[in-house]
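Chains A and B, in that order, are what the protein sequence lines are. Residue numbering for the first sequence follows the working numbering, starting at 1 and increasing by one per position. Residue numbering for the second sequence follows the working numbering, starting at 1 and increasing by one per position.
Please note that the accuracy of each hint is not assured.
To be verified - Below, a list of computed lysine-lysine pairs in the BS3-like style, where the Cα atoms sit at most 25 angstroms apart:
1. Lys93(A) with Lys130(B)
2. Lys134(A) with Lys46(B)
3. Lys120(A) with Lys120(B)
4. Lys53(A) with Lys46(B)
5. Lys302(A) with Lys245(A)
6. Lys158(B) with Lys391(A)
7. Lys120(B) with Lys134(A)
8. Lys121(A) with Lys302(A)
9. Lys121(A) with Lys203(B)
10. Lys83(A) with Lys203(B)
11. Lys235(A) with Lys320(A)
12. Lys47(B) with Lys93(A)
13. Lys134(A) with Lys47(B)
14. Lys158(B) with Lys334(A)
Just so you know, these hints were derived from the structure itself, not from any lab. Every value quoted in this text rests on a predicted model; they were computed, and no experiment measured them.
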Amino acid sequence: MIKARIIESGYKTGSPVLRDIDLFIKEGEAVLVTGVSGCGKTTLLLSITGVLKHLLYGYIDGSIRLADLNPLNQQDFYNIPRKIGVVLQDPEKQIAMPTPWDETIFTLENLGYPEEEAVKKTRETLRRYGLIDKAYQHVEDLSGGEKRRLTIASALIHEPSILFLDEPTASIDPWGIRSIREEVKGFRDRGLTTIIIEHKIKYFLDLVDRIVVMDHGRIHSIYENNGVNDTVLDKLLGLGIDSRKAIVIDRERRLGEKLLEVRSLTIGYDKPLVRDIDLVLHRGEVLAIIGANGCGKTTLLKTLIGFIEPLSGEVVCKYKMFYVPQQPDYLFIKRSLEGEVRELYRKTGVDLEAIIDLMPWYERYSKLPPYRLSHGQRRWLSIVIAYTYSKDIILLDEPTTGLDYRLFRMLKKLIDDLRGRGVGFIIATHDPRVVGELADNVVLINSGGAEYIDRWRAVDMLESIAGISHG
Amino acid sequence: MDKPSVGIVFIYALTITLLAFIYRSGPPLVIVALINGLTGFTIGLKKHRFIAVLFLITVWALIINAYFVANTGEPVYVFGSIVVREGMVEAVINISGRLLAIAGAALILVSLYTPLEIIKGLESELKLPKIISFPLAYGLRLLPIMQRDYNEIRYARKQRGYRTIPITPNDIASYLQILVSLAIERAIWTGIAIELRGFHHRKTRYRGLRLKKIDYALITILIIQSTLFLIY
Numbered sequence: 001m002i003k004a005r006i007i008e009s010g011y012k013t014g015s016p017v018l019r020d021i022d023l024f025i026k027e028g029e030a031v032l033v034t035g036v037s038g039c040g041k042t043t044l045l046l047s048i049t050g051v052l053k054h055l056l057y058g059y060i061d062g063s064i065r066l067a068d069l070n071p072l073n074q075q076d077f078y079n080i081p082r083k084i085g086v087v088l089q090d091p092e093k094q095i096a097m098p099t100p101w102d103e104t105i106f107t108l109e110n111l112g113y114p115e116e117e118a119v120k121k122t123r124e125t126l127r128r129y130g131l132i133d134k135a136y137q138h139v140e141d142l143s144g145g146e147k148r149r150l151t152i153a154s155a156l157i158h159e160p161s162i163l164f165l166d167e168p169t170a171s172i173d174p175w176g177i178r179s180i181r182e183e184v185k186g187f188r189d190r191g192l193t194t195i196i197i198e199h200k201i202k203y204f205l206d207l208v209d210r211i212v213v214m215d216h217g218r219i220h221s222i223y224e225n226n227g228v229n230d231t232v233l234d235k236l237l238g239l240g241i242d243s244r245k246a247i248v249i250d251r252e253r254r255l256g257e258k259l260l261e262v263r264s265l266t267i268g269y270d271k272p273l274v275r276d277i278d279l280v281l282h283r284g285e286v287l288a289i290i291g292a293n294g295c296g297k298t299t300l301l302k303t304l305i306g307f308i309e310p311l312s313g314e315v316v317c318k319y320k321m322f323y324v325p326q327q328p329d330y331l332f333i334k335r336s337l338e339g340e341v342r343e344l345y346r347k348t349g350v351d352l353e354a355i356i357d358l359m360p361w362y363e364r365y366s367k368l369p370p371y372r373l374s375h376g377q378r379r380w381l382s383i384v385i386a387y388t389y390s391k392d393i394i395l396l397d398e399p400t401t402g403l404d405y406r407l408f409r410m411l412k413k414l415i416d417d418l419r420g421r422g423v424g425f426i427i428a429t430h431d432p433r434v435v436g437e438l439a440d441n442v443v444l445i446n447s448g449g450a451e452y453i454d455r456w457r458a459v460d461m462l463e464s465i466a467g468i469s470h471g
Numbered sequence: 001m002d003k004p005s006v007g008i009v010f011i012y013a014l015t016i017t018l019l020a021f022i023y024r025s026g027p028p029l030v031i032v033a034l035i036n037g038l039t040g041f042t043i044g045l046k047k048h049r050f051i052a053v054l055f056l057i058t059v060w061a062l063i064i065n066a067y068f069v070a071n072t073g074e075p076v077y078v079f080g081s082i083v084v085r086e087g088m089v090e091a092v093i094n095i096s097g098r099l100l101a102i103a104g105a106a107l108i109l110v111s112l113y114t115p116l117e118i119i120k121g122l123e124s125e126l127k128l129p130k131i132i133s134f135p136l137a138y139g140l141r142l143l144p145i146m147q148r149d150y151n152e153i154r155y156a157r158k159q160r161g162y163r164t165i166p167i168t169p170n171d172i173a174s175y176l177q178i179l180v181s182l183a184i185e186r187a188i189w190t191g192i193a194i195e196l197r198g199f200h201h202r203k204t205r206y207r208g209l210r211l212k213k214i215d216y217a218l219i220t221i222l223i224i225q226s227t228l229f230l231i232y
């Protein structure tokens, strides 16, 4: 059972993030907490678990009960881990140990389990989550989906009665999402109280009892699962929440001259990862490269730009390319947005005003370090940097990871604007929104090969593999 | 060959770090630097190239700094308009020697054991508090991730037309601000994650030190290095 009455809570006194929260979650209930980025979803999790007060030195004005504990009380806070399991948004930041075995047993060692029992439970848990064969491999060798399973295994090994999942689909491919859906079904069958914090609600609508919608730090509305109809889904979509299956925009686009041609390209590090890739990119075209995590999408982009040598075949291109990594922060050089823009001007000669015009939010944040901008703004800035360097070809690696539908639409607008100016984009992604709303053509990497596929088929494939529940 | 106990290697690395500061200059510092630098980089260079790169960057920054703030005394070398004086040479040798000794001793520790072996060894052999042993081990877990970050930053800088090998203080600052900002963000979330998995309750399972022959050998080498000041 969770009971939260929060009058105000926040990271700094006087700057509340949450207001007027009144939430009651019954034992065994599955609840989806949703809302756009920055609406306070994660702060709610941090408030309910007491982390905001005891670890982040924020403040919570109100009362909270979690099972039979009061997380706002220091002593009870230390006993919270015995009752709950938490899976955070990014496995990279959650995993603290070098191997799946060490990571999983860590929870039991902390909670004082006898060594023999801890070893037995760890072995069983890793087997249940399909990680027993990789128990002693380095976690860096696991795929994104395996890392996510490892964080779930570590959160559940001590059999808690309440489980929190914070954006479990972030950076996960459709195959990983399907596996998480299976897990959530299992939690319900086992009677676990499950709280899923997620803006891609389309993947979980059939698995939860209630949906709590947050907006600007308050509870905007609460829906019982059987009350979710098309009108509600459209309303949520309007708020910027991914409530609907990805749409495919029918486009009749006249593409420009050929910018790049790839002929019989085989890529990989020591051995071939993908063989015989043939593709063409035209001016103004968006080409989506899709496939599961680890299939070779990033390797292909890095080979095209020349960071990795091709194993065979050729890349024919006389135009300039720019690669934007999945983590946009790698591209930043200066300590403020203003400094970054001035440096772009100094280095590329592109008119300062023209650069600023590409960022409608520039004036408000110009003094901030680029790292302190929001997730969406950092992605935006990274594409602007790419454009000032290359007006021809931009390679984007998973540019929509972690973006809700509102931010996706903003990014889409920017990309549409740039392709209207003649830029060709190659986007590595497993996001059906990119395929349906942005791409002109799609290449699927699968089983070590690459083929062009129809956009409608690609969206259907990505959504059905994930197991979309509504829309 | 048997590996020495984690606790002994940790004490060794810690003592070498102290010696690097106690021996401020002269042959004792050079000997300690050479013994540990050569050993550490021989064992650990393949696995932890990143530390070698950081070491070289720091030495380069040190040379630049010494040229501006310690370039005093008799001229030693003259390269056109650049005059290198005794003070600068002395400063570079002394500080590089310290860094080499510390980096070498750290490399010995991190190359011989996995992060978990270190955390468990420190806890069970030295009864080191978890609030010290865990951050140490986690720092090591971060190294491969930081190495990946470093490579990605290199790619990004290459595209933007900047040096990929940091030479000037500006280059170094530009690298560090990304590495540090990412590391801090990771550390905050990992801290939250481990606390929510009961780290507060973690108890030390103390077994004590059980010395082997190789441990005695290492202790002997350490004693020799610690008494060098008697000879010089």
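Taking the hints in turn, this is what the structure says about them:
no.	hint	result
1	Lys93(A) with Lys130(B)	holds (20 angstroms)
2	Lys134(A) with Lys46(B)	holds (24 angstroms)
3	Lys120(A) with Lys120(B)	holds (19 angstroms)
4	Lys53(A) with Lys46(B)	violated (44 angstroms)
5	Lys302(A) with Lys245(A)	violated (31 angstroms)
6	Lys158(B) with Lys391(A)	holds (18 angstroms)
7	Lys120(B) with Lys134(A)	holds (21 angstroms)
8	Lys121(A) with Lys302(A)	violated (42 angstroms)
9	Lys121(A) with Lys203(B)	holds (19 angstroms)
10	Lys83(A) with Lys203(B)	holds (19 angstroms)
11	Lys235(A) with Lys320(A)	violated (43 angstroms)
12	Lys47(B) with Lys93(A)	holds (23 angstroms)
13	Lys134(A) with Lys47(B)	holds (21 angstroms)
14	Lys158(B) with Lys334(A)	holds (15 angstroms)
Going down the numbered hints, you'll see the structure goes against 4, 5, 8 and 11, while the others check out.
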